[in-house]
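S.K.: Here is how the chains run, residue by residue.
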Amino acid sequence: MARKMLIDGELSKPNEEETHYDFDLFVIGAGSGGVRAARFSANFGAKVAICELPFHPVSSEVIGGVGGTCVIRGCVPKKILVYGASFRGEIEDAKNYGWELNDKVDFNWKKLLHKKTEEIVRLNGIYKRLLTNAGVKLYEGEGKIVGPNEVEVTQLDGTKLCYSAKHILIATGSRAQRPTIPGQELSITSDEALSLDELPKRAVILGGGYIAVEFASIWNGMGVAVDLFFRKELPLRGFDDEMRAVVARNLEARGINLHPRTTLSELVKTEDGIKVITDHGEELTADVVLFATGRAPNTKRLNLEVVGVELDKMGAVKVDEYSRTNIPSIWAIGDVTNRMNLTPVALMEGTYFAKTVFGGQPSKPDYKDIPCAVFCLPPLSVVGLSEEQATDQAEGDILVFTSTFNPMKNTISGRQEKTIMKLLVDAETDKVLGASMCGPDAPEIMQGIAVALKCGATKAQFDCTVGIHPSAAEEFVTMRSVTRRIAAGNKPKTNL
Amino acid sequence: LSTPRLTFSSPKLQTLYRNFPISLSLNFSSSLSHSKTLTVAPGSLSQRPSSFSPRRCFAVRAESENGAEPRHYDFDLFTIGAGSGGVRASRFAANFGSSVAVCELPFATISSETTGGVGGTCVLRGCVPKKLLVYASKFSHEFDESGGFGWKFEAEPKHDWSTLMANKNAELQRLTGIYKNILKNAGVTLIEGRGKIVDPHTVDVDGKLYTARHILIAVGGRPFIPEIPGSEHAIDSDAALDLPSKPKKIGIVGGGYIALEFAGIFNGLNTDVHVFIRQKKVLRGFDEDVRDFVAEQMSLRGIEFHTEESPQAILKSADGSLSLKTNKGTVEGFSHIMFATGRRPNTKNLGLETVGVKMTKTGAIEVDEFSRTSVPSIWAVGDVTDRINLTPVALMEGGALAKTLFGNEPTKPDYRAVPSAVFSQPPIGQVGLTEEQAIQKYGDIDVYTANFRPLKATLSGLPDRVFMKLIVCAKTNKVLGLHMCGEDSPEIVQGFAVAVRAGLTKADFDATVGIHPTAAEELVTMRTPTRKIRNSSPPEGKTDPEVKAAAGV
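Here the protein sequences line up with chains A and B, keeping their order. Quick note: our numbering has the first sequence finishing at residue 564, numbered continuously throughout. Quick note: our numbering has the second sequence finishing at residue 1449, numbered continuously throughout.
Bear in mind the hints are in silico, worked out from the structure with no lab data behind them. Beta carbons: idealized from backbone N, C-alpha and C, even for Gly. Hints are not guaranteed to be accurate.
What the hints assert, rightly or not - Lysine-lysine pairs mimicking DSS-like chemistry, simulated, CA-CA at most 25 Å apart:
id, chain 1, residue 1, chain 2, residue 2
1, B, Lys1371, B, Lys1054
2, A, Lys163, B, Lys1374
3, B, Lys1374, A, Lys499
4, B, Lys1054, B, Lys1176
5, A, Lys163, B, Lys1048
6, A, Lys269, A, Lys178
As the list claims (entries may be wrong) - Rough simulated footprint, nothing fancy, chain A against chain B, three-plus residues with beta-carbon under 8 Å:
id, segment
7, 985-993
8, 1267-1274
9, 1352-1364
10, 1367-1374
11, 1392-1406
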């Protein structure tokens, strides 16, 4: 590959000795962010190497795989299982549409598991090819930073390789964490939950975040009895309160037992399964206990302390707006920096890193109006501010437009599940500050709305867009009446 | 006009309205000598008795065309036709404080000169029942998909047509009731019967005469079947939505969106479907790539297309089965033959010729940009004007008309970047220009395309794919057109329609972060143009070499 180093800009000084390095860039971790940064840097003409741990669906200190969390233990396998789970609802809905289904409908978890593994193995291969095609050198093994410009890779057979690089990028992601309660070793994390040998009959989930509600929906759809425990009044802290309540109601209506304001204090192995004891002293027995209680950055075995890379209290790598650590030649992107832990954000950070360091265009990722989705059933998707955030941040009055309706499909299926949409508008500027939706197809619908929001679209611009009929999405452009107006002086301060 | 959701807005609008003094202006109809501007105090409008009873006009009518004194009319607005456009215009007019009546034919699932129903085509014979049938038929595809996700049916799912029809009709009855309520709550007088225009200010409904300052024609359109031998054996879309039994084998004549939607519906319900189209391709007027893509996807699902075949005759054999004779041969054994060969405006027997309302060659009412006909007191909205025949467009026209006539705000409907969908399987969503239109208008454009196998299909093993296309102005970077065919297209395109309508650029799309994993995120992650078309030089082909990986990393 022709080596063509473009202007490094102000961020890295032109250096006559640059040719002494083995690589222009060495990336540790081949997940979403690492692969993106490696490929784009190579496309800018940089000589790039990347190292990644060997592939396995369940990660550990020594297990990973090209593709990273998103492809192997996150977005992709999760969405596959959500698809699998959603067929139960379809089968129920089909009856009133005239479909005669024998009550004997079987769900074979092992088959789905097998197909899922096949798919992520395929994707793992695609990602390796992406790297090869971009001219990126891939090393399998554990990477460690041994100096500001030096990386050591411990290969599978234990041999160590050492490379010098002008820039080092940490993109090692994060891993699921468990709280330390007695019997916590009996629990599993999302990694294992995506790859269980047997489908449990009874599952207990601890956590109120998106991972917890997604697995609750997945297992519920597969016929598992699910009990969901979370500390707050409602799941999904940080999301719009009204939407949180809708999600809770939907989960409950689909048969998931919610235990708000409850946490687990002990797990005990019994003959019948795992005895779960709550902080209220209640007991129940489950086959599987999933801890969806957060994720921690993978910074432990990178030797960062020795090189002097600063970490925050959570163990995340501290970076500036360009993703640079306190050591000028070392950079970090993605979940390991614990900024906004989403695949597309890691991709953005990777792209901007490559542009900054090798494209001669110093660029800061923009974290405003990043849309996201929770793939519970039905899903939730949001972009921009929640009502609470808008109320808190806005200078003037906020107009809240909401629409709650029975989706057309439910008029015949009889499913009792309302779709809800919300737009938050700055009363003075007419700008749409936030949009959220809980209902079928919400994540697909929200993407285009996100483009409009990102570009500062006004409510008037929403209103003058003609609807697509009959769709759910058309509600977003036909919200004519204000549901409520929140006066500027009338903002209750909350600690959400 | 959609389902019960509308009920939320009406009372609120009225409430809002009452908070402001409204100047009710009629001076827009300046060609009428009796124009007056009335200022109505807030409150007084809401006092208008909703039981306002029509009087026989000739009894109270004072001829005042010479401007001597204001003439009294039974109603400020008389709307003929309570479909999407008519209901919207009537409700909004009433909300502006005017007295409004609307007449509509009695309810029936199949329309005729004497049957119709409140709700109109959209609710009773179009969008709504069509979409319900699309939902019903789509389950079979989902059952097929579910196999790849570990689901197994002990017995092959069977479909019972009569259950579907019964549940669909119950829903239509419910909706027509809701629409009646919407009118009632808005204070609109609903008159059942056939309206006919007698003079520029008088409508005859089954012998009763009503006068109105303005008359609105919103009678819509009806399916059209060309006269060929045996065409009496053919059904149209009205009938196809309400058949007594499910077709075993159906021949669908036509390549437009209605033909494709019904092809998908019957195919999903395990009917053997043959589509006969005159041209080489389906969906004339749509983007060429989309035309090719949707036909291919539908063929893969088992629909047989007979291209460049024009129907010449329908023959009925002794056993009752039908054959379709075309210029290329005869296909036999149909239980049903459906013509989806276009729709015609319902302008017959409306008295239009008598009052001098001008029509186009196709029988559509000619209107100006404000929806006014050649007769100043007569207006028309919706399919009867044959502009863009879509429910949301009729709603826009109806809303604009109410503002123009009664809101003191002359408003032209804006037809730029109107999005639309085809509920074929897979469905299509689009907004803005096709590639061909964009080249014609702008010359230099960049075309971005994606054609990928969605995550669901990799597991299901079905040959489903998704096609997306962005057309970008090379000079301004504006997104001129967006087209998509694949699962969820209509839902996905709506939000993008806001962006395209707002004139956003490709750079704006690129600056938006994706929602992962969705299909829609592809539309904000298209980095390399598939081709650049320059007016001066032949197109530069450049294919995106990237493997479409799940995360697009």
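S.K.: Holds or violated: Lys1371(B) with Lys1054(B), Cα cutoff 25 Å?
M.R.: 55 Å, violated
S.K.: Are 3 or more residues of the segment 1392-1406 of chain B near chain A, judged by a Cβ distance of less than 8 Å?
M.R.: With 9 residues closer than 8 Å to chain A, the segment 1392-1406 of chain B meets the three-residue bar; holds.
S.K.: Can you take a look at whether the segment 1352-1364 of chain B is actually covered by chain A? Rule is 3+ residues, C-beta closer than 8 Å.
M.R.: Our answer is that it holds, as 3 residues pass the Cβ test (under 8 Å) against chain A, meeting three.
S.K.: Can you take a look at whether the segment 1267-1274 of chain B is actually covered by chain A? Rule is 3+ residues, C-beta closer than 8 Å.
M.R.: Per the Cβ count (0), the hint is violated.
S.K.: Please verify whether Lys269(A) and Lys178(A) have alpha carbons no more than 25 Å apart.
M.R.: 14 Å, holds
S.K.: Given the hinted pair Lys163(A) and Lys1048(B), is their Cα-Cα distance within 25 Å?
M.R.: Given that 25 Å is the threshold and the Cα spacing comes to 16 Å, the pair holds.
S.K.: Holds or violated: Lys1374(B) with Lys499(A), Cα cutoff 25 Å?
M.R.: Since the Cα atoms of Lys1374(B) and Lys499(A) sit roughly 21 Å apart, the hinted pair holds (cutoff 25 Å).
S.K.: Between the alpha carbons of Lys1054(B) and Lys1176(B), is the straight-line distance 25 Å or under?
M.R.: The given pair, whose Cα atoms are some 35 Å apart, is violated under the 25 Å limit.
S.K.: At a Cβ distance under 8 Å, does chain A reach at least three residues of the segment 985-993 of chain B?
M.R.: With 0 residues closer than 8 Å to chain A, the segment 985-993 of chain B misses the three-residue bar; violated.
S.K.: Do the alpha carbons of Lys163(A) and Lys1374(B) lie within 25 Å of each other, as the hint requires?
M.R.: Outside the cut-off at roughly 46 Å; violated.
S.K.: Taking beta carbons only, do three or more residues of the segment 1367-1374 of chain B come closer than 8 Å to chain A?
M.R.: Since three or more residues must qualify, the claim that chain A covers the segment 1367-1374 of chain B is violated, with 0 doing so at under 8 Å.
In terms of the numbered hints stated before, the structure departs from hints 1, 2, 4, 7, 8, 10, listed from lowest to highest.
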